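Chain A is already provided as a structure; the job is to place chains B and C on it using the hints.
Here is how the chains run, residue by residue.
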Amino acid sequence: MKSLVFLLLGLFAFVPVVMGANAPISEETEKCIDCHSSVTPGIVADWQKSQHAKISPAQALKRPRLERRISVDEAPKGMADHSIGCAECHTMKSKGHKDSFDHNDFNVHVVVTPKDCSSCHPVEANQYGKNLMSHAYGNLQHNTLYRSLVNSVNGVQSFEEGRLTQRPADASTDAESCFYCHGTIVKVKDMETRETDQGEMTFPVFAGWPNHGVGRVNPDGSMGSCGACHSRHQFAIEMARKPYTCSECHKGPDVPAFKVYEVSKHGNIFSSQSRSWDFHSVPWIVGRDFNAPTCATCHVSLMTSGEGEVIAERTHQMNDRIPTRLMGLIYAHPHPTSPDTTIIRNKAGLPLATELDGKPANKYLISKEEQDKRQQEMERVCLSCHSQTWVGGQFARFEHTIKTTNAMTLTATKVLMSAWEKGAARGMAQKDSIFNEAIEKKWVEQWLFYANTVRYASAMMGADYGAFANGRWYMSKNIQEMRDWLEFKLRGPGKRSIQEENGQ
Amino acid sequence: MKSLVFLLLGLFAFVPVVMGANAPISEETEKCIDCHSSVTPGIVADWQKSQHAKISPAQALKRPRLERRISVDEAPKGMADHSIGCAECHTMKSKGHKDSFDHNDFNVHVVVTPKDCSSCHPVEANQYGKNLMSHAYGNLQHNTLYRSLVNSVNGVQSFEEGRLTQRPADASTDAESCFYCHGTIVKVKDMETRETDQGEMTFPVFAGWPNHGVGRVNPDGSMGSCGACHSRHQFAIEMARKPYTCSECHKGPDVPAFKVYEVSKHGNIFSSQSRSWDFHSVPWIVGRDFNAPTCATCHVSLMTSGEGEVIAERTHQMNDRIPTRLMGLIYAHPHPTSPDTTIIRNKAGLPLATELDGKPANKYLISKEEQDKRQQEMERVCLSCHSQTWVGGQFARFEHTIKTTNAMTLTATKVLMSAWEKGAARGMAQKDSIFNEAIEKKWVEQWLFYANTVRYASAMMGADYGAFANGRWYMSKNIQEMRDWLEFKLRGPGKRSIQEENGQ
Amino acid sequence: MKSLVFLLLGLFAFVPVVMGANAPISEETEKCIDCHSSVTPGIVADWQKSQHAKISPAQALKRPRLERRISVDEAPKGMADHSIGCAECHTMKSKGHKDSFDHNDFNVHVVVTPKDCSSCHPVEANQYGKNLMSHAYGNLQHNTLYRSLVNSVNGVQSFEEGRLTQRPADASTDAESCFYCHGTIVKVKDMETRETDQGEMTFPVFAGWPNHGVGRVNPDGSMGSCGACHSRHQFAIEMARKPYTCSECHKGPDVPAFKVYEVSKHGNIFSSQSRSWDFHSVPWIVGRDFNAPTCATCHVSLMTSGEGEVIAERTHQMNDRIPTRLMGLIYAHPHPTSPDTTIIRNKAGLPLATELDGKPANKYLISKEEQDKRQQEMERVCLSCHSQTWVGGQFARFEHTIKTTNAMTLTATKVLMSAWEKGAARGMAQKDSIFNEAIEKKWVEQWLFYANTVRYASAMMGADYGAFANGRWYMSKNIQEMRDWLEFKLRGPGKRSIQEENGQ
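Protein chains in written order, with our numbering: chain A, 1 to 504; chain B, 1 to 504; chain C, 1 to 504.
Looking at chain A on its own, in the form it has when it is part of the complex:
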């Protein structure tokens, strides 16, 4: 009888580790819940299922180091012995928050930031600050070339008297397009008083809100949003470890990581078997807790063998096991040294990590040695299931694919440059945007969609994307179409492109 029950219990290894009674709730949080359990019942109930509700920092610190999810050595002052609830996150650091306001005698701030989370998770917050992601707002907004790409995508076009013109993008559109993922600047722009069930109350009105982009610029000056991956208000490690979280921003044609993963062998195993995996266990034990990697396995999680050997350290820098930047730029190139890529200038003075012909702007990029080191750390993950022969073969192909995709991008670039030279389109020489005409947009697709996709397909072994699904088929067809466009255009009376009047 007992054995049957234990047998069943064994099947439930994936149930949250800490069950049963929750940690005691602080007086302050109790007060928040008093109202909010009826004002916003969804998030209160959600939080009650979280680790934050279940375990106090003091209890968490009693665990062996490898099993800990917090990275302080002692609990933050006054927060040791109760759960981490509403008040702990929304009031403790309100002083530094420009969005803090008086709310039923609490000094509350709406936007919880990496700085807030760093009370208990300082190592993660610090690592994340070195991650490209934390700079995602500025790296897009303050790169003049990229900003003009944003305009060409988001700006409203008009057609009057045979001419197309395009307005620059507005903030509202940007916020739900590119900057939904990259992050907005969140600012209090006003205060407003509203009638509520609890009577008249005053609340801040925000610009750039709502947003949980990875590079959000917060009212306390910090950058990022932990909630981008650790979704409110459970903040479950389970979710961050599942690829669906990454897919919020890494699924489209420009960054098809999730789609490629889905059709890979790893993705298949995840889809087929993950309901019996343990997504809660810390550390994450290969083979026991899961039998194929998710995004987090290779890029973030603390992973050990069943014998307790550390195979990969936990990291929130994420790119520190990535030697080459594959996406979002015209050519793949060694990873940038600094997470702030606005400092980069190529020899032509452009804010790009390569020249237009693909040569890397080495000064701003990691060295071959650093690339090799990162590669080796990634390979350690692979080697927990694959032989060196397998892994070596895979990475040799990947290296080759970086070269061939860059070569195809160079070919497309040459066709475009020919169009610029012959006056079929207007480029930098004419001080026009290089992203707004039809052939320029085809060129962007060549690298931003197709070359990218092929590289992802290679890196993660998702074959359909290497061949037909936005892969080599399109990479190859697109160049033919650029060439034909050029032929058709040059036959015309040689008129300037209609964007001439365009304000961009």
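Hints are computed from structural coordinates only; laboratory data are not their basis.
Here the structure is a predicted model, which means the values were calculated and not measured.
Please note: incorrect hints may appear among the correct ones.
Since the list gives no way to pick out one identical chain from another, each pair is judged satisfied if it fits inside one copy or across any two copies.
In silico lysine-lysine, DSS-like type, Cα no more than 25 angstroms apart, as pairs [as the list claims (entries may be wrong)]:
| id | residue 1 | residue 2 |
| --- | --- | --- |
| 1 | LYS442 | LYS373 |
| 2 | LYS403 | LYS347 |
| 3 | LYS98 | LYS189 |
| 4 | LYS363 | LYS373 |
| 5 | LYS442 | LYS115 |
| 6 | LYS115 | LYS98 |
| 7 | LYS442 | LYS414 |
| 8 | LYS265 | LYS49 |
| 9 | LYS62 | LYS187 |
| 10 | LYS265 | LYS115 |
| 11 | LYS49 | LYS115 |
| 12 | LYS49 | LYS414 |
| 13 | LYS98 | LYS77 |
For chains B and C alone, kept in the frame of chain A given last:
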């Protein structure tokens, strides 16, 4: 010991509420099962897992009102005390069914319809009749413009002596293309006698069958198919509440609701955590049963707080929390008043809810007051997890996006009208279809695919679709390509478009 | 108390049938595990969850025939009484393996092949040899037309002095593009000595590795990879039965089977309810174990009714319930007789199963009688849940769709042939590839993507793909664009296509 077991039981909140012994089976249904458990074993076993098999109407009526799934006050005559099985649905209302036939001494009808289901679910059937969906067949088939779009998509083209021509679409193709979702007219066209394991038997032969489209025109004169969402023969509320059901028809580039949902934060939480949700509970309790909305949460389900407060009423009208019609039309506009949209005429006399320049045909559309009321009901759902600040910010962006996407559609329309004027394509002035030439098809993609997608991305916060995945990138690129097409075409000898001979 | 526990146990029908103690491990495998549990902990742990670890061949043979997963009548010599572990698969047949090498006194081979698996699964290995899939390498590589398609997709293009040229594809690119799924030739090209944790060791270096393509040509001369569907090292029948496995290769625009399935009613039921299905049970019982088919249900699995009647036999030939080849060729046509399609020649002498106008090369294709027989076997699967009326209606539409999609392909082919005749593109008459120019690529998309997709959508009732999602919308639009391209091109000075110098 006991506590362990109860602990485990607690984990199984998602197991169907009514377990154990099924309700007694009627004599008639018993007879059906006698043969059909070996003739069609799959559906008999499937039904046995259904609520219909587990609980009788009389038992169902003993539940508190909020927990009921049936909307009668007393059980239909003769159906109170046994399960709802084969005979109950396939014979009780056979008189009104033109598809009823004699089958082993039963007067059976094949096609079960909303009228049949209304025996126990009259409120739902009635609401559904006010839903646009119930009119999906006629709204497509009897709108002359839309019918010509169907022809241009489904008709077979031929190329002879340098000329392309296109036949109108045939019924078989229509039935597995547009009308698979919109619904077919299901009619008995003949009877046939077949040798079966039970000897010679006679069965009806149908036109328009199989089909379970939302606007199916049934042999009893009713419109719709409850099985479109409540899949046979479990009719599980679990399925209707999961977004996969909606995705059967709302996933393609014309209606990418499911895809957008998938990459939204809500969709991520659903994908990552829904295996621990309770999809069977009635009412559906926010936070306890689920911690992110599915399609049903916002558009259909009865939702309450843990304290029993009704946050949203159950509705099968579905569009009664939707102020604006986003999809399937050239411009977004206030929702139509009547579910029968074939009555609509714009000022130009076209069966469209807006003019070609986007001005709404207000006479047929709901008022600003009704829009505001619907919006508020939708916001109540949002507010169970989000602050008013969040919700207000989100909807302000959405309003803006409706305007900018309409503006982009207007620009594309102007390019097309210029093509018509200059003779580069043949439009209404030439009494030609406005959907059959290459540039017209690009124009259709501008609104039917791209503007639509951007609006969905905005409404549900699925960013990839706001930017690259059929979103603003394509909205912006497509206009440039339309313009280039026009330039290339006008350089020619001015020949009429080759569709001139086209019969459409 | 007991009843509660049994109730819970009942809910776990999906737990692997054989639980508890594993079968004894052979001495040889024990030695492998000694090192590999720390060298490759992931796969050792994975294997420990497999049926191979849990049950010995002798135990397996004690089961009733219908429940068996092995197809020998007695256990292979020396393998009866212990689990099937590392040594059993990687050493027993090493003699025939050109990749075998000395590894800690074992004669080990890296690549496990259908020939290895046939020790216990000879029927399946034999059937698979008759499956088109087992010949997927040669059918692509040794068909001159198809090989030139591969080159046009995978070859790197260059643009110099206004001319585009394309190099033939290289082996590394092929291996992660087309041949990732089709299979590579795996060969030992060298041996290398590496420093390992266990000291200096020597390993083979492979060409064509890693790969688990369905038509992999193995170092023991066999063709195929069981691991393509039965993923290492659990080899779980659960995985092979889930559609995610098929989606590894059948999801892209050329073979969108999985995508179509996803939006079908069957796919919806799978997504919504399969977590309560039993994917481990052999035989697979319709209605009890599952209530909608997956790919395996219709094409592979042994399926019975609850009363034990066999509805479909297990088959690893897979195409033996498929009358018509829908995909991968210019026109749909009766299935080829031989799995080796390189023997096919049409009347024009081309390695195609139809003429360029669609007429089938009947000599190499199955007869109408064989088609009817296959169709009937497929219908038996359908009829376990659907009436003959439903099934007949569905297949009538499907037949019609094969005709209309072929007709649309013929139209596109005529436009292309007109382009060849008028010198707008270079085709076979000019001994040029028929896949490398822009209009030729559009033509390829007409059949390889769009006609294909529409046929899948029809076969599996996934409506979105029948209408907009790569379906009839694109089939219809693409022809218009081919026509316009031809018009624009013919207006030029009549220059030869720039591919003239292309080495293909």
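Quick rundown of the hints versus the structure:
1. LYS442 / LYS373: Neither, since 36 angstroms and 44 angstroms both go past 25 angstroms.
2. LYS403 / LYS347: within (21 angstroms within a copy, 42 angstroms between copies)
3. LYS98 / LYS189: So LYS98 and LYS189 pass the 25 angstroms test inside one copy only (10 angstroms; across, 65 angstroms).
4. LYS363 / LYS373: within (19 angstroms within a copy, 59 angstroms between copies)
5. LYS442 / LYS115: Neither: 42 angstroms inside a copy, 48 angstroms across copies.
6. LYS115 / LYS98: Within one copy only: 13 angstroms inside a chain, 59 angstroms across chains, cut-off 25 angstroms.
7. LYS442 / LYS414: both (13 angstroms within a copy, 23 angstroms between copies)
8. LYS265 / LYS49: Classified as between: cross-chain Cα gap 18 angstroms, same-chain 33 angstroms, threshold 25 angstroms.
9. LYS62 / LYS187: Neither. Shortest intra-copy (39 angstroms) and inter-copy (54 angstroms) distances fail the 25 angstroms Cα cut-off.
10. LYS265 / LYS115: between (38 angstroms within a copy, 22 angstroms between copies)
11. LYS49 / LYS115: within (24 angstroms within a copy, 43 angstroms between copies)
12. LYS49 / LYS414: neither (56 angstroms within a copy, 54 angstroms between copies)
13. LYS98 / LYS77: within (23 angstroms within a copy, 67 angstroms between copies)
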